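Trainee: Respectively, the protein sequence lines represent chains A, B, C and D. Taking my numbering, the leading residue of the first sequence gets 1, the next gets one more, and so forth. Taking my numbering, the leading residue of the second sequence gets 1001, the next gets one more, and so forth. Taking my numbering, the leading residue of the third sequence gets 2001, the next gets one more, and so forth. Taking my numbering, the leading residue of the fourth sequence gets 3001, the next gets one more, and so forth.
Don't take each hint at face value.
What the hints assert, rightly or not - Partial list, derived from the structure: chain D residues whose beta carbon lies under 8 Å from chain A:
1. 3037
2. 3068
3. 3083
Unchecked claim - Distance ranges between label pairs, derived from CB positions:
4. 18/A <-> 1002/B: 17 to 25 Å
5. 1018/B <-> 18/A: 22 to 30 Å
6. 1/A <-> 1067/B: 26 to 34 Å
7. 3085/D <-> 2088/C: 15 to 23 Å
8. 1047/B <-> 3026/D: 44 to 52 Å
9. 3082/D <-> 55/A: 26 to 34 Å
10. 55/A <-> 1047/B: 46 to 54 Å
11. 3085/D <-> 1054/B: 47 to 55 Å
12. 1082/B <-> 42/A: 49 to 57 Å
13. 1002/B <-> 2054/C: 19 to 27 Å
14. 2085/C <-> 3026/D: 38 to 46 Å
15. 54/A <-> 2054/C: 52 to 60 Å
16. 2018/C <-> 1002/B: 30 to 38 Å
17. 1085/B <-> 2067/C: 50 to 58 Å
Bear in mind the hints are in silico, worked out from the structure with no lab data behind them. The model shown is predicted, which means the values in this text are computed figures rather than measured ones. Ideal Cβ positions, reconstructed from N, Cα and C, are used throughout, including at glycine.
Protein chains: 4
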Amino acid sequence: MAAIGRTRWIIPEGFIPGRSMVNADRPLLSHEAFCVLNAGDAEAHITVTLFFTDREPVGPYRMTVGARRTHHFRFNELEEPEKVPLDTDYASVIESNVPIVVQHTRLDSRAADIALLSTMAWPAD
Amino acid sequence: MAAIGRTRWIIPEGFIPGRSMVNADRPLLSHEAFCVLNAGDAEAHITVTLFFTDREPVGPYRMTVGARRTHHFRFNELEEPEKVPLDTDYASVIESNVPIVVQHTRLDSRAADIALLSTMAWPAD
Amino acid sequence: MAAIGRTRWIIPEGFIPGRSMVNADRPLLSHEAFCVLNAGDAEAHITVTLFFTDREPVGPYRMTVGARRTHHFRFNELEEPEKVPLDTDYASVIESNVPIVVQHTRLDSRAADIALLSTMAWPAD
Amino acid sequence: MAAIGRTRWIIPEGFIPGRSMVNADRPLLSHEAFCVLNAGDAEAHITVTLFFTDREPVGPYRMTVGARRTHHFRFNELEEPEKVPLDTDYASVIESNVPIVVQHTRLDSRAADIALLSTMAWPAD
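The following block holds chain A by itself, in its conformation from the complex (with noise of 0.2 Å):
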């Protein structure tokens, strides 16, 4: 299939969670997602750069999806350069090498239940 999306795409609603509900699984931890679509027939070179309020963006972060496939990241997993800050507003500017698509998710599971949100995000190129 050819490559399919943008190369450049936004969320500016990041925020992990810093709890979870009692005895959460990985599946039911609070956490927050960034789904990547690599449709094509080239591996995707990931960059993410986070942006705060109050300090200077930091990254990039770097990740690779494999050519015909899909990865679901989760920000709370990233290592490298730093950790991602829990309880804190932040924001994402994820750029491909090649043409992807992006959708974010977070769960969150403070609460005894658990509550989800999900929206494309914005392509910018």
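Knowing the structure of chain A, use the given hints to seat chains B, C and D on it.
Mentor: Coordinates of chains B, C and D only, in the frame set by chain A:
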């Protein structure tokens, strides 16, 4: 009414929760749907291709939406060429021979209550 | 302010839950809404057409949004030409004589708590 | 990084729930936010105009987002020219002198648990 929409739509964030609340009937069963509107006067012949994290794409899944009809398809209920695995990240590309509009929705009832997310799919043509 | 938006908007995912939590007042009653902003200086004359899975479209429903006004219409409260059936999949096409912007929201209170979804409608003109 | 986005964004669906769960701290208080990313190298001067169902628009509300910063503004916390009424339908137009990206989020904790919705705002320029 003239046909409305585009012929290729993308949903990067696929995930069907593998559990549901106790005694869930079909409406409250955890599920994920792509909702198609075919506003035009010709039948829409639709193919869906699913992408995964660690294997080649699966498809096409084939379905039809009549002229001037909507159909809300549950990924859970797709059967051919194979069922969609639960608790597994995937993404989808939805293609049609005529313009359609596609919206993505998930109902998650793994906890005692339900959570919902929805977003318009991303039009790629 | 000059008129903002488009004159035709699409919401493929319509579904009004047929039940609500015990003692729900109007705000917490299960409902589905299309929220219209008419930022311009001319009254917006709006028509809504509903599409179903297994019968011909129903409409037009007619409503007006004054100049420089917003109105959040509940599908549940539409009356003419007929009420919108509960627990039934539908889709909607919303047309206006002047540019408007439309957002879709559902509140589902079938369980003990509430769930929300929202997305911008899809502009088709 | 070069400026990213558009200079006018629309959110038709505004509604701040007037109640919250018992003992809610600020993060779990019912609220509605517009999240701004200003990825560029110039400060963003932003004005917000609110639209209502039955009276003239209110504004401008004024705020600033520094270069290379994100700010998640709560409508609940706007003060000038007047506070945003609770339990009241409204819509917003968000304008900036430089390109920005805007996402809309609501957290509703009127019930014992929380519900979330989010969507990208609609870019109007």
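Trainee: Determine for every hint whether it applies to the structure shown.
Mentor: Here's how the hints hold up against the structure:
1. 3037: Holds: closest Cβ of chain A sits about 4 Å from residue 3037/D, inside 8 Å.
2. 3068: holds, 5 Å
3. 3083: violated, 22 Å
4. 18/A <-> 1002/B: 17 to 25 Å: violated, 50 Å
5. 1018/B <-> 18/A: 22 to 30 Å: holds, 26 Å
6. 1/A <-> 1067/B: 26 to 34 Å: holds, 28 Å
7. 3085/D <-> 2088/C: 15 to 23 Å: With Cβ atoms ~34 Å apart, the hint is violated.
8. 1047/B <-> 3026/D: 44 to 52 Å: This hint holds: roughly 48 Å between Cβ atoms.
9. 3082/D <-> 55/A: 26 to 34 Å: Holds: the Cβ-Cβ distance is about 32 Å, inside 26 to 34 Å.
10. 55/A <-> 1047/B: 46 to 54 Å: Given range 46 to 54 Å: holds, Cβ gap about 47 Å.
11. 3085/D <-> 1054/B: 47 to 55 Å: holds, 51 Å
12. 1082/B <-> 42/A: 49 to 57 Å: violated, 26 Å
13. 1002/B <-> 2054/C: 19 to 27 Å: holds, 22 Å
14. 2085/C <-> 3026/D: 38 to 46 Å: holds, 41 Å
15. 54/A <-> 2054/C: 52 to 60 Å: holds, 55 Å
16. 2018/C <-> 1002/B: 30 to 38 Å: Because 33 Å falls inside the window, the suggested range holds.
17. 1085/B <-> 2067/C: 50 to 58 Å: Hint holds: Cβ distance 52 Å, inside 50 to 58 Å.
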